[in-house]
Amino acid sequence: RKATFDALKDTLDEISVKSILDFRSSGAGVPAAEAVATAATCAIANIDDTVPLSIHALDPDKPWPEALQVLGKPGHFINSLRRFPYVADSGGVPEDNIVAARHYLTMSQMQNGIDLHPAVCGLQRWVATAISYWEEHVLGVSP
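Taken in order, the sequence shown gives residues 1 to 143; the numbers are from our numbering.
The hints are simulated quantities; they were obtained by calculation from the structure and are not laboratory data. Among the hints, erroneous ones may be present.
[Stated by the list, open to error] Derived DSS-like pairs: lysine-lysine, alpha-carbon spacing no greater than 27 angstroms straight-line:
1. K62 to K73
2. K9 to K73
3. K62 to K2
Kindly generate the complete structure, drawing on both the sequences and the hints.
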């Protein structure tokens, strides 16, 4: 579990406020990028009051506007990513968050051969690692 925690921390080192701002302007219209942003937003939805998001109210065909709204405060977004493992450890990350994050992460991975913004690649790795962390902690699944 420590290895997964360290991997989460390492992927966060690749994500900065500037990279999120750049991604917001360049990610629109790129389905894989939009799906990654939505996956990350779903993973941290409602773990604190800076990411209020109703996962069940997302438009499955166009979830990007809600993710874009969360990315509008990149400092809050990154802090929520940072808090994720601690909230997961205390049982505060609902399974619905992980199910939705996994769904959108899978959608993003179906877009092969596309050069993605570095922030998107970092977020994609973070989401995959966050899902693994949650599964290890909550479900007891080994990596």
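request  = Tell me, in ascending order, the numbers of any earlier hints that this structure violates.
outcome  = Of the numbered hints given earlier, the structure breaks just one, which is hint 3.
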